[in-house]
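Engineer: If you want the building blocks of each chain, they are given just below.
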Amino acid sequence: MNITKAIAALTSAVLAAGMLTACGSSEKNERKPQTEISFSWWGNDKRNKYTIEAIEKFEELHPDIKVNVSYSEWAGYEMRNKVWMISDTECDVMQINYGWLSTYSDDGSGYFDIDALEDSVKLDNFDEEVLKYGRRGGKLNALPIAMNAMTVYINKTIYDNYGLAVPATWDDLFSAAKVMSKDGIYPLSASSKSMWLYLITYTEQATGKKILADDGSFNFTADDFRTMIEFYKKLVDEKVLPQVEYYERLKLDGEEYAGSVAWVSDANNYFGSAIDKGREIVIAPYTTMAGGTAGEGWYAKPATMYAVSKDTEHPDEAAMLLDFLLNSSEMAELQGVEKGIPLSKSAQEAISDQMRGLQYDASQEMSGTPMTELDPALENGDTIDAFFAAANEYIFDKASSADAAKSFYDSLK
Amino acid sequence: MEQVGTLAYSVDDAYTYDATDPSNDKYEALNTEKEISDELYKLCLMENFVDYGIVYSNNHTVGKISNGTNALFGEKLYTDLSGMITRDRTHDGWYTGYGDNFERIYYVKRIHENALFCISFYTSELDNVFENPDNLDDMEIRLTDSRYKMIYSSKKDELGSALPEDLLKNIDGAYFKAVADSENLVSVNRSSGSWFVICSIPTNIILKEAASMKIYIIFAAVVAAILAVGAGSVFVRRIADPIGTVTSGLSAEIREDGFEGVLGNRYFRDKSKNIVNKSSEKDKRALVIMEIDNFPDIINKIDRNTANKQLEKMVLIIDQIFRDVDCKGRLGENTFAVLTKPSSAADDDFRTEVDRNCELVCKMFRESLSTNTMGTLKTSATVGAAIYPISGNDYQEIFDGALTALEDAKKQYRGSYKIKL
Chain V
1 MNITKAIAAL TSAVLAAGML TACGSSEKNE RKPQTEISFS WWGNDKRNKY
51 TIEAIEKFEE LHPDIKVNVS YSEWAGYEMR NKVWMISDTE CDVMQINYGW
101 LSTYSDDGSG YFDIDALEDS VKLDNFDEEV LKYGRRGGKL NALPIAMNAM
151 TVYINKTIYD NYGLAVPATW DDLFSAAKVM SKDGIYPLSA SSKSMWLYLI
201 TYTEQATGKK ILADDGSFNF TADDFRTMIE FYKKLVDEKV LPQVEYYERL
251 KLDGEEYAGS VAWVSDANNY FGSAIDKGRE IVIAPYTTMA GGTAGEGWYA
301 KPATMYAVSK DTEHPDEAAM LLDFLLNSSE MAELQGVEKG IPLSKSAQEA
351 ISDQMRGLQY DASQEMSGTP MTELDPALEN GDTIDAFFAA ANEYIFDKAS
401 SADAAKSFYD SLK
Chain P
1 MEQVGTLAYS VDDAYTYDAT DPSNDKYEAL NTEKEISDEL YKLCLMENFV
51 DYGIVYSNNH TVGKISNGTN ALFGEKLYTD LSGMITRDRT HDGWYTGYGD
101 NFERIYYVKR IHENALFCIS FYTSELDNVF ENPDNLDDME IRLTDSRYKM
151 IYSSKKDELG SALPEDLLKN IDGAYFKAVA DSENLVSVNR SSGSWFVICS
201 IPTNIILKEA ASMKIYIIFA AVVAAILAVG AGSVFVRRIA DPIGTVTSGL
251 SAEIREDGFE GVLGNRYFRD KSKNIVNKSS EKDKRALVIM EIDNFPDIIN
301 KIDRNTANKQ LEKMVLIIDQ IFRDVDCKGR LGENTFAVLT KPSSAADDDF
351 RTEVDRNCEL VCKMFRESLS TNTMGTLKTS ATVGAAIYPI SGNDYQEIFD
401 GALTALEDAK KQYRGSYKIK L
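Protein chains in written order, with UniProt numbering: chain V, 1 to 413; chain P, 1 to 421.
It should be emphasised that the hints constitute simulated quantities derived from the structure, not laboratory data.
Predicted, not measured: the structure shown is a model, and the values here were computed from it.
Some hints could be false.
Away from chain P, derived, C-beta distances all over 10 Å, residues of chain V [to be verified]:
(1) ASP45
(2) SER72
(3) ASP106
(4) LEU117
(5) ARG136
(6) SER181
(7) ASP183
(8) ASP253
(9) GLU296
(10) LEU334
(11) ASN392
Computed, partial: chain P to chain V, Cβ under 8 Å [to be verified]:
(12) LEU30
(13) GLY68
(14) TYR122
(15) TYR148
(16) TYR175
(17) PHE350
(18) THR352
Even glycine gets a Cβ: it sits at the ideal position worked out from N, Cα and C.
One chain only, chain V, in its complex shape (with noise of 0.2 Å):
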């Protein structure tokens, strides 16, 4: 450092004061002699926080690599991720949903072949099974962190304090409802896309058919989405679930639902605080007919995973920082099972003594429950959107549930 640099340098860092209606910008300076790579991701604040503390690890283990990063809880998105992909202004390395992996890299083409990068990135930590759900056209195009599916969590202590039992059945649910609903309680509740994916669980359980046909079209016809938009609204109206207009994650906290239908990956976000409280929270049987099969009409996936943009000028850094993120004790220690029980083998190894809790007990049940595979096309937000733009026609009379049904079914042609 030279006297001059200070003087130069404390009179800019003065002049920041200026700048800082300019915050939020990614205007970076381009004088550090660092080779700069960018890296986004969605979350909460819990995730957001030790993932920057993460990457500030990475960058002392790495002081000549520089990562420029940019997140955002989920809402919106998805098409800030689509405006980057389709723009080819990708960040180096991402965290992406695996349904992105048929949108934007059906043959495999779309992202980084991670293959190639296997001098930096550990593939052995996975198992092929694993690796399997991030190849596309025969390119490794992204490597999984966990795996998620939906799971319905209850506050026993709520139940308890009613008489009631953990529910196993839709009829359960009905039930507890008539009790509840008096005190203003929701049994369950669920945001806009676990709703959609818990309709199509009990349509698929009502009818006897898979709402995909093996190709991937859609096999329900008009009249099951109908019985699919008639279920949610007796849902709504009997009080079971609240509306997804008016869900509130908060009222969880407030136990003015006591339950939820969510990801695994959600069990601390969601029922932190009420553990903290000294709620019991435990998993519930996957919903079912009475008699029903266990598992059927519910659907797994690989929670998130981790790309590489095909277009990235330094793949040698990026790779570093993939196998920081999946590999690495220090990521493992931070992120402990917050996206779920990881797939990385010496992530595991790292935090064996982080493998209980609700989370847990989550990823556990998933994994004793027979269950297929999401299609991306299910997570399709503007297929979830314009199911309950259409089922808003129903409840609020504006059309018949046929009508109402059939539009949604047309608009999926």
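Please arrange chain P on chain V, whose structure you already have, making use of the hints.
Structural biologist: Below, chain P without anything else, positioned relative to chain V:
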């Protein structure tokens, strides 16, 4: 961030719809809120914002209001966010430290009587703002609120705590100051939201560098003396003084700032300071600071060339208006200053003269420019002034006074002026 916030007004329903109106049709309300929400998400698509949405007086939210913010404020979401509005003219404000949580910074703007617009981002994002052009491992940068609680620090573990006493003692109450003591070289600057950016380097680091430079400088002086006997002792004396050499080198870099007779920031301040601090109370001086408003807009919405012409125009106006000038300088990209003396001996006349000159700067600078895409862009300059010895007893006091006046004028309205008395 304020500009991205203003973009929300491009969504018509965002500022007209009232979710608290009991006459709203439920079905229509759902659809309207979904449309507003979709538009807001698009506007903040590429920003690392935690929140970007509307909060209504019944605590109902539309757009991106995070679970973290909902949990932090609970039932007081609307009322406590309302309390963060501090600027009357733009009915908005900045806040951090809510519930002693310094991890988020909030910007809140009132939309209508029952709704607020709320943006927030993580304080860790400030790393992007305070990243330095030079690799100064020893320099520490901090952002504090008006109570000197740390919103950002390059020493991560300090977040939320009070500014260290050894720094505070030197800059407490100052708006714009650089000071060195036996421990630190410290500088402070106040931002428009009454927050402070404070930078410091341990003095021993500076001195260590100076000592190592001294050996080189003495060696260079000997060589210079042999080669340039004829240049005389003045030259050698300057080169043998390490601090003088540094100042000399630095001055050469910043003496003039691209405009004839306009000094660079540091040279202007050194010269002004010398003049003011050596003045008796009879020797009145006025320090006038002039800032071209919306300068980034001129660059972004028109072009750099037009922005440069605005700078030239400001220099021309300064030359036309201020007659008895000690020195004029450029403090920042779009900020100029002059130190003037009275053209008349009477006290009241000098006050009136400064008042008239400030008004003239504002008046002469006002202009409307045509842009290619955004229609007409109005340009203006805001002015703050302070008078020695009325506003302060030394240079630092009148400099702080002029800056305060400038900030006050900005709060009043852009294109106006204030004099600190």
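Engineer: With reference to the structure, classify each hint as holding or not holding.
Structural biologist: Status of the hints after comparison with the structure:
1. ASP45: violated (4 Å)
2. SER72: Check fails; 6 Å does not lie beyond 10 Å.
3. ASP106: Given that every Cβ of chain P is farther than 10 Å from that of V:ASP106, nearest at about 25 Å, it holds.
4. LEU117: Answer for V:LEU117: holds, closest chain P Cβ roughly 27 Å.
5. ARG136: Nearest chain P Cβ is 26 Å from V:ARG136, so the label holds.
6. SER181: holds (19 Å)
7. ASP183: Given a closest Cβ separation of 19 Å, the condition holds.
8. ASP253: Violated: least Cβ distance 7 Å, not greater than 10 Å.
9. GLU296: holds (32 Å)
10. LEU334: holds (15 Å)
11. ASN392: violated (6 Å)
12. LEU30: holds (5 Å)
13. GLY68: Holds: closest Cβ of chain V sits about 4 Å from P:GLY68, inside 8 Å.
14. TYR122: Holds - the Cβ of P:TYR122 comes within 8 Å of chain V, reaching about 7 Å at its closest.
15. TYR148: Where the cut-off is 8 Å and the nearest Cβ of chain V is about 14 Å from P:TYR148, the hint is violated.
16. TYR175: violated (10 Å)
17. PHE350: At 31 Å from the nearest chain V Cβ, P:PHE350 fails the 8 Å test, so the hint is violated.
18. THR352: It is violated, given that the least Cβ distance between P:THR352 and chain V is near 32 Å, above 8 Å.
Checked against the numbered hints above, the structure violates hints 1, 2, 8, 11, 15, 16, 17, 18; every other hint is satisfied.
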